[in-house]
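Assemble the complex: chain A is given as a structure, and chain B must be docked to it using the hints.
Letter by letter, the chains look like this.
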Amino acid sequence: MKKILIKNIKMVLVGAALIGFASACEVTDLVPANLIPDSEAFSTAPRIESAVLGVYESAQRGFYNDVVQRGYPFGAANVEQGDMRGEDMYNDQAFYEITYNNSYSPNSANNAGMWISLYRMINRLNIILGNLDVAVTNGVLTAEDANAYKGEMLFLRALAHHELLIHFARPYSDDVSSMGIPYRTFGIDDVTKVPDAEAVSRGTVGEDYAQLLLDLDAAEGFLPEGGAGRANKGAAIALKSRIKLHMEDWAGVLTEYNKLATKYAVTANPVAPFRGITSTDNIFSFINSATSNPGTNGALPAMYGNPDLGARGLVKISPIIWRADFWNAEDTRRTLLTTRSNLGIFTFKYTDATTFSDPNPILRFSEVVLNAAEANARLGGPNAAAAVTLLNSVRSRALPASVPAYTVAGADLLTAILNERRIEFLAEGRRWPDIHRLSGEGLMNGIPLKATSRSITSINFYTTSIAIPTDHSLAYSSNLFVWPIPLAELQANTTAPIEQNPGY
Amino acid sequence: MKKVLLTFAFAVLTLVSVLAQSKTITGRVTSAEEPEGVPGASVVVKGTTQGVITDLDGSYSIDVPADASTLVFSFVGYLTKEMPIGSNSIINVSMDVDVKTLNEVVVVGYGTQERREITGSVTSIDSKAIENLVTPSFESQLAGRAPGVSITTPSGILGAAPIIRIRGVNSLTAGAGPLIVIDGVPVVSSDRSAVNDSNPLANINPADIASFEVLKDGSASAIYGSRAANGVILITTKRGAEGKAKVSYNTSMGINTAVETFALLSGDEFVTIANEKRTNANQSPLANPGVNTDWQDLVFRQGFVQQHNLSISGGSAATKYFFSLGFTDQESAVRPNELSRYSFRANVDHSISKAIRIGTSMSYSYTEILGLNNGSNSLSGAIYNATRALPNVPIYDEANTAFDGYNVTANGATTGFGANLAGPDNNIPNIGFVIDNNIYRSRTHRIIGNAYGEVDIVTGLTARSQIGIDLTLADDFQSLDARHGDGRSSNGSVYMAANPAFLWNWQNTLNYQTVFAEDHSLNVTAGLEYQFAKYYGFSGSATDISDDYFRRNNLITGSYNNQFSTGSYRESGFDSYFGRFNYSFKGKYLASFTLRNDGISDLVGDNKRGTFFGGSVGWRVSDEAFFNSDLISDFKLRASYAEVGNTDIDSFAAFGGYAPVLGGAGAGIGYNRIANTGLQWETSKKLNLGLDMTIGKVTVSADYFSNDVDGLILAAPTAPSLGVPGNSINQNIGAMTNSGFELRVASNVINRGKFSWDTDFNITFIKNEVTNLISPITSTYNRTQVGNSIGELYGFRWAGVNPANGNPLYYSGEDIVQYNLQQSIGGVSQLNYRVYDPANPSDISVRATSGPTQEFLGRTLPKWQGGWSNSFSYGNFDAEIFTRFSGGNYIMNESLRGLLGQGFSNNHASILNRWTESGQVTDVPKLYSGQDQNMWQNSASNSRFVEKGDFVKIQNIVLGYTIPAAALESAFSGAISNARFFAQVQNPFIFTKYTGLDPEANSYSNQRQFGVDWNVAPIVRTYTLGLSVGF
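Sequence order for the protein chains is A and B. Start counting the first sequence at 1; every next residue gets the next number (full-length UniProt numbering). Start counting the second sequence at 1; every next residue gets the next number (full-length UniProt numbering).
Hint data in this document are derived by calculation from the structure and do not stem from the laboratory. Be a bit skeptical, because a hint or two may be false.
Selected chain A positions facing chain B (Cβ under 8 Å, derived; list incomplete) [to be verified]:
#1 Thr-44
#2 Arg-312
#3 Thr-355
All C-beta atoms, glycine included, are put in the ideal place defined by N, C-alpha and C.
Next up, chain A with everything else stripped away, as it sits in the complex (with noise of 0.2 Å):
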């Protein structure tokens, strides 16, 4: 009896034990940490402030070869790739060698970079827009903030849908029946939205380019005055300066020139635009810090840097333009912004090569102006003269009173007015735009000869009259001229791929 009555009592401390402890392990109702969910991202209004904060953070650092790292799309690779597509900054390592020398392929990485980090930038800010009304409805944000925001975003929307452009597809000064990019509309933020998304197709370049005065126009309505760090009004009307000079739209130029003749101005210092944001000629940067930057293997001050001073120097200033008769001996720009080591010499624009945080300018009022000036010489006749008052504004601040200004106003005007902007934007990723559009209407015949790569050994290059040796040259007619589409856009769209460009 005892030991039946024991039994039970253990049999009841072990069923009791088991039972209780069963109930008090919930170990399967988690949330991840780390991830705020879809339904809550855009419940207060702090929350959209991160969101479109997330949107810079894509801009600046996108995926190169499956992986977060060096400055793609704008946090320093579209200098980097802008200027090892033409010939005045020089590639003295195989970083940029497949780039440099026209060898990229449907493979290669660089150009896979560019392709998915920007429309990994354009679908976070799409997100973004599809969900601003409803924060406004739900009395989350003002419509006044709302639109701020929206006007932000399509101005980003613009900007690298432009890049893509100007990489992907044929100049629309060429032909704008062109095969365009495909242009992103709508957020992609559900399985339901995929197919939807796939359908879109490349288009053609004139479609493209209009959609981009679309959302420009309505981003200068939308975005109120600011500085460069973010996206502002000056920064939309100045980006559309620039793309009405890829269309050839000279008057539009001038319009959207104007609107800016006031409230930005060249500095009379040619370093201050790239010692921080905030001088008068800072239009829109993309800001990078210490704690978030390209890195090593991405930023400008390191790859683009003088190696006495610390930084990788991996790709130098072309002789080519250092050398060239249109660039004044006097010029302060040769020195107040450029290095040199007995190997060559290098921009100063980007310096800090320890955390790598200078800022990327994208939009300066130098360009506006420059784009001003051609617009002008363009037209000619009775703008020449305001074309040649435009290009001394930049060319004269950086040259000793005692060398005259330019005055000529005849068929050199258009020609100054380039070469200046090829040694104004030197190492800040302008040269390719520029051979993109002027080979598209036939003044340029696709990228001129470059200094061969890894040729350039010593500083003796620049600095005597040594022959420099050439190569590298592409002819517009080329199909090397546009990139590839990466072969992991065709092969990933399984229900309408898009096309490749010819040639590859």
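Using the frame of chain A, we list chain B on its own:
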């Protein structure tokens, strides 16, 4: 425990001898394993039913008829032995273990089972064969030991985790490694180091392990339900046995060396090649003659290895203990990689009363790994750098004291130029300086332990509760020198991190065993299990270090200008309810059924829970009356089917949303993953048909298996232009099958006098096929597509070198195109694809309309693999030769492609075969500076570099000598009871046609990116001498 049970069993079956007696023989039965005596062994007069059972100390006394000539000694787990009686009155017998039936009691999930009752597919591996080998972690030595189990050591870096696959690759994007359970506790299998490869299984001292059980089919592993898709490895550590304390000490010492290194150009050859690349491209020569350096000499070394293990075990009838201490220090063949581990274990079992037992298993280990940067294309990556560095410049420059006497440019940017006009490509640093000064250190404290209590409630019914924990305290330290190498750009950096992981697991089981109506035995287990794990960590790092002095050991406050931090947190939970029902009729008809319901925190809503089941049946044909074979003594047929799941999916895989991102403009949130709340479990439908039989002295085990995996959780690729995070969405789209055949044959081949030879051979054939996918999954070298096996090599098909002009030829569809390596004509680039006409190879006039096209170039998964162990003993000498083989797969030799680069870097010696004159037939095109991309079609596989991966490796050769007991007795008067010396060579011979360093070298552990050898550190060969002593 085992001994007691068996003694009891045999006591019941004691045969009573009533026959006439004419002689009494006494003696004692012992074995190497049980030197104090084998209790319960049967001693029978041959040809009669007359016999006795040995008592607790193994002694017996038997009366035999006068005409009896032979006594037969037998016992489960030992080879039957016959001894002539002759005129002896005392016959002492030492029995030999029957290796084929070793581990008669097999550990299965949540319990044990007798080997002969098992109807699933379970392979046991005794630790004896591997316990003295020098190895960073035990699992690499299991390779080839069990059919169906593939274990690949992907590189020679100590700390790199071997890749374990049981019966093939059973998931596409979820984990494909097995569940590892130590003494009943599932352990954390994630690498917690950010600076080194730090295999979590390297924290476990191999010498503490008693046995491994690999649960391969669905039925055996179904008790692990949702975690069973990739198989289960159960590890049982050593425990004490009743008896006086046994002390044993094992040690071995030796060296690790690289099996092979790369054949590179000498300095003089480099000058010729480098300048030819340049002049062919109309570029100025850069190289000038200098010295002849092989930079690999800096990186490779003979590393010293040693290990020491001391254990004490024993106990009383009520309390048993096992304690051990272990130490190992292993230097790899690659400087400065080194692994050292201190470990401690205490396993105690105690019976409070007949009905209540408690016990604990506790282990603590401290592992320190010194690693290095070995990134496949990192500028300071040891192998990359040493094979690219210019061979015509010296390593050292004694006058250059600023850089510790290394040859480095004054600004620290790169290696000194020597006589060359330029430095090496990408400014790679002097690897000697980097290895000497950069520190990559990871340390892990690991506590794995459990405590259990068991109560016998009524006869046959036992309740058991076990709580286990696995605590990993991992910390990292990485310090980079400011002067040169990776730390230069940040002016010195120090990174430290703590990355703990904590897992608890609580299991409660009720087990009921009974025999009814004599012939029916029943074993029922029911239980519930909860598991929770959290992974958390943070790091602090600093750059711009004020003085190198402060950089060497730790972050030192005030010594840096910039500081950074990171942090992360993740948790996962799991609960389940399960039952198992085993039934046996006379041991002849066997059946087992398992049911389990699991919940997992990574999925959402109703999809959190999944129900899994498994069943199996067995038929011991040899026990049937009709089965009457002298040759076949045991014959069992088995069949099983189960549906199991895979929980090793992305953390919170079904969740979507916005992750924190830090941009230059400020901290924000970025769209991180598209939610898919409909995401469900992956399920594997596993079928197994097998047989076990003993034919004379040969035991054979054969299994056919198939595994249909459905609803594969797939990060389904989306077109990059959609901009979806990660360019993928988690979906249950995909199906795959693995099917194959396993065979194991073991036998004692010779047992004559002092000489014996045992052999154990296994082979596995596996076929993998993807049967459904939303779209092909493509990565750089591989592509997974319906109808093919997972991760086949995909890329360009090489068509040779055009003998007329040295242009590389590739297939473009059915046609062949050539990349025209000619200089610009009149400023117009000629570097583009031209049509190739085999009839007129010198014709380059026609532009090709499209470039080379891609196709499948070979499967990366082996079709067959296996192992073959042969052990010999002669008197006091013993030897084992263990051979492994594998094949039917292809490897992309990316290392070689990289070494045929067209930049200003060193090359593989085979570049000397480059095309130089018209008519020359070769496989290396004309050299042309800067044209790697189109010459070699980089960033995809290329059939020029795809090679067969077949190999046969002599994995180990072990020679041992046991000092005769008499000699020990006289020398140490009993202080030392046994002693054995041994000499071992691990990885002594490889037979393969693969031209890279090792056919098992693998850059990626991801199953979709398999079969790529890209600057992997060579696998090591280890020579050791050792000693085992028992006190």
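Hint check:
1. Thr-44: violated, 12 Å
2. Arg-312: holds, 6 Å
3. Thr-355: Since the shortest Cβ distance to chain B is 6 Å, the answer is holds.
Hint compliance for this structure: hint 1 is the single one not met.
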